[in-house]
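Please assemble the complex out of the two chains, which come individually in their own frames, going by the hints.
Residue numbers (full-length UniProt numbering), protein chains in the order written: chain A, 1 to 570; chain B, 1 to 161.
This list has only true hints and no planted wrong ones.
Straight-line alpha carbon distances no greater than 25 angstroms define the calculated DSS-like cross-link-like pairs of lysine-lysine that follow:
| # | chain 1 | residue 1 | chain 2 | residue 2 |
| --- | --- | --- | --- | --- |
| 1 | B | Lys96 | A | Lys240 |
| 2 | B | Lys96 | A | Lys206 |
| 3 | A | Lys240 | B | Lys134 |
Bear in mind the hints are in silico, worked out from the structure with no lab data behind them.
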Amino acid sequence: RDTQQADTEHLSKWKKWRRTSSKSLKKVLGEVKGLSSYLVLWRHDIHSIEGKFGTGIQSYFSFLRFLVLLNFIIFILMFSFVTLPIIISKYGVFNSTIAYISPRIIDDICTIYEPSGDKGLVYFYTYLKDLLSGTGFLEVTHLFYGYYSIDAVWISIMRYNLPLAYLLATFAYLALSFLWIIKRSVEGFKHNLVHDADPFQSYCNKVFAGWDFCITDPHAAQLKHRSLQYELQTDLQEEKLKQKIAERSMVEKLRIYSLRVIINITVIAILSGCFYSIYRVTVFSQENSNDIDNANSQVNLLVQYLPSMVITLANFIGPLIFSFLITFEDYTPAFEIKLTLLRCVFVRLASIGVLLFSLWSQISDCDSDKCEPCGYNYKLYPCWESDVGQEMYKLMIFDFIVILAVALFVDFPRKLLVTHCSCKLIQWFGHKEFEISDNVLEIIYGQTICWIGTFFSPLLPVIATIKYFIIFYVKKIVLIHTRKPAARPIRASSSNFFFLVVLLIGLLLAFVPVGVSIARIPSSKACGPFRNFNTSWEVIPDTILEFPTGLQHVLFGMASEAFAVPFFVI
Amino acid sequence: AYKRFSELLPKEERENACSARVPKSQILMLPELRANPFQHRICHVFSTSETRDDSMSFEDFLDMLSVFSDSATSDIKSHYAFRIFDFDNDGTLDRKDLEQLVNCLTGQGEESRLSSAEMEQLIQNILEESDIDKDGTINLSEFQHVVSRSPDFARCGDLQR
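Extracted from the complex, chain B is given alone in its bound form (with noise of 0.2 angstroms):
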């Protein structure tokens, strides 16, 4: 892993890289996060840079690397799956922030995305099955009850190391 984080980095500071930090448009040449639609999320979400600017340390890149490997427990992994999914970053999902996921699942181009209705129904559908205390609003404990239960999110956090 050391490797990969150093390779990331410009000839000159390689020596440092443990206490060096990466910018945010090195980060998204990995490929696995070239693809992910969710890239920026994950980016902001495992910085630790005080100037918000996105860029990673190397603790950083093994904390997003330990959580997407498959000796996280479900419950680091959903966790963090509900702070990249937090859009606004208000510790709840509210009707905004489900949208703009969606849109995100569904792909960028204009096309591509679900009509006004049909975003209204899912997520009016989405939260009938997840939201438990009728709040307009998941917040993390409901999102871990419901991720729980899911078969497929297990395998979706897992990369392939």
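Isolated chain A, as found in the complex (with noise of 0.2 angstroms):
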């Protein structure tokens, strides 16, 4: 501080008021970011989370928060672009009035939809049966695409498109997740490139700088000389492994890598028989639950969520089968978390896309002319994104449900055992630790079947958003009341660079079924806004085709192939 208010002195006047303007501009700023930090979502609670679990659980909490935003984003972006205009010209606000899809009268077999909105008397448990299934009064509400039979909405003299205005809001939640997921894993990504960046100094790194000292609470402390003591000694111990990797016999060799191709089609063969099976069960399922039989509702219900049921077993057995066989194949322990990992991603995302793929084949499914006018399944499907619609809904519903069941019958009631209960099967069991993974898994498996549903189901964000903030509080008071501290602290920056590289894997994933039915499979002539279009696509092509021709000339000359490559690459 002297030698600073000596300079000053000798400072011209100009550089005195830059440095006291730099000064009390750096303490405003500072304060902002403090008062900008308490309306941060959650910000208390995390802390807390924090102190007491460590960063690898934070993270998993504020993983969720941030798909609690996204959700919510998305779903005031397809409800102000899509369901607001409707909602605005049916009550004749803005002088708004909506122009009905005049049907082309190609054929009429394509047009009969009779969505069976409850008529006459109907018992409450129709109404239970209906909320959990999506068919009957919720069919035929704003939640479906079926609704959507809209061709244009007048507000004053405007006209706005709405099936453009569908599509275009389909790509932008898309994109805008695509944008936000990259934004959040570079600086991830960044913070993992230097920490790998110079493995020969990593000892001296861990020992020399690896106390963080603004830590304050005597708790933090402790979690972090655990997590130090774990890290110091998980790297010992792979130093050591690999060193006895190096000097296996050839003979060893031999014998382990032949058991690692047994295990690997072992595994590989179990992932196909639960697709199989997948497969197998949606499409009884849809053959039997489009007989409407009142008499059997429950059987029917049971019959509905068959496929949510299988692929919740399949998600939870595929997990404990590889970390069960992994232990045989002899890998670093850091390669071997990876790897069940990696398996268990892919068990749960090719779930979800094999029920789409056996839904589209019953949609498609040609043979002996079933859809010979329409060119899809018309008699069982006349309007099948609904029907694609309700199977998200169905198995969003399910998760949830399963996620509630599974935090009330097997946490609390386990907890209470083991503490009250001395017998020795039972303490044996003991108390559960936070698997992070799986519930990362969970809930990504989750956020998929909304990005895949919404272009089905437009309202399907404002579940999630409701879902997943009633999950941040079911998982905090499970967290709380019957976890211990994991005896293995996680380090934060490296897993949420791994969760997010995940959540892309699944949007990745959520393109390819949006983008089959948007381009290929024919939309429904009897429900929707693309009634009168071939595809869904082709709103695109048409309208283009309604601008002035220089307009259309640059489009054209953009959208072609000497264009668009270089423009992707950069």
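In structure tokens:
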């Protein structure tokens, strides 16, 4: 400070002013940052979780918060561009009117669609059943694609092209999710790079620069001690293991490689078994739930939920089998964890893919001329987009129910049993640790369903937002009351990056079904905004043809390959 | 900073805070130092007391804060870090210093220490990475060299003001 004061006496007035103004600017910025951190959702909750359970678990909760925000923004997007104009014009605000689609009189058969909205006297039970399966009264609401049979909305003198808006909003939310995830993962990636940058120095780095001098809470200090100890120990163990691997003889190597090949084949066999059963169950469920038989409505509900149950079962058993098998493969611990995780991710995301594939094979089931005039199986699926939307809705609701049920019926009783009953078997079971990777895969699975389903059911994001909001509190309560702090603290920075990478994989996977539905499969002629088009994608070329020719040329030029490829590369 | 220093003094001596010395036990009650495993070393390094009781005057206190702020250069930080890690004050980091350093990092309890085999392996690795002249100890320039290439060091030495 003395030297600083001595310096200022020599400086000119201008520099003095600059210095004081930059100091006060820094102060103001610091205060603004402090204030704005109060506005962040759940800031206090996540902070306290970090203090008690470490940064690994905290990263799970901040990931959950990120998803809540993302879903909320997607909901706002879809709502304001798709649902809001319809609501505005229904109530005649701003002098608006609706222009309904007049179906082209090509083939009347394709346009027969009678959603069984509840008529007459209905039992309360039917409402519950409809709520759970998205049929009945829900089918004729804004929730599903089939309701949006509107060509345009006239607001005063402007014509708001609804089909175009629907399509563009879909592209917008996919692009928004993509960009936001990339932005978040870039920060994590840089951190990762730095950490792995100098393997020659990792020990020195950990020992000399390992202690964070900002820690003031003794609890957090203890956590830091434990994580440092664990990190050092794992690093040393890995080094010893690598030495052992390098010293393996030829015979041992052969044995291990052949064992690995066998186990990989087993894993692939198990996966194909799962996928095949999902396929068969979906086909069965679709065939049987279309026979509306009110007497068997409980069974009907069960049949409708059968695909979701099978998928959840596969998601539950798969990881158990994989973690059992991998112990035979003799990898380093870090690689073991990564490989098991990769396999679990594959099971979860591919099962959604298989479900959709089996749905499509049903919809486009064109042997014996079932889909002659319309291009798709119009008898069973007069409005196939709503059906796909319903499947996604059912998956989401079932996922939510399972998470709540597991929390209520597995975690709490387990804790009660372990604390009160001193029977040896139960004590060996022990308290459960918070499995971060399993929980994260669960929510990524839910988010992928949401992304795929939003095209078919525009209000799905709001359901997802509410679902994740409730899950945050449920998981937090379960964590605080039933979990013990992990004996093996996990580093947060690399896990954050990993979660985002898996989320990105889920998003890219979601692009495929949405893309195929938009571009390949003919849109339903009986419902929805794309009735007069062959496929949903056709809206865009049609609209472009209405532009002035100069603009058309520009747009075609942009779309031509010579331009598009370098554009994407950059 | 002056306010915080005077808060550490008992009431009678607050008038003369500029020239008073705060005993070590009071310094250790500062929140930043409370949870720090190197608290004793920090007090020892920054204290200029002739009676070697590790008490700190106001200038010592200021020194400590300035080294830990984000306007200190990494040279200064690494210099002081070296002195803090040098448990036997002999000017080099030898095996015993490193062993004590690692024990401080992993915690105070019995079960939180590394086994002797692990400790051997770890110290061997550290010396391999940083000991350039292969004399079995790390001197100041070797330490500064290693630390300058470490990406975490700059962050860890910043107390938030």
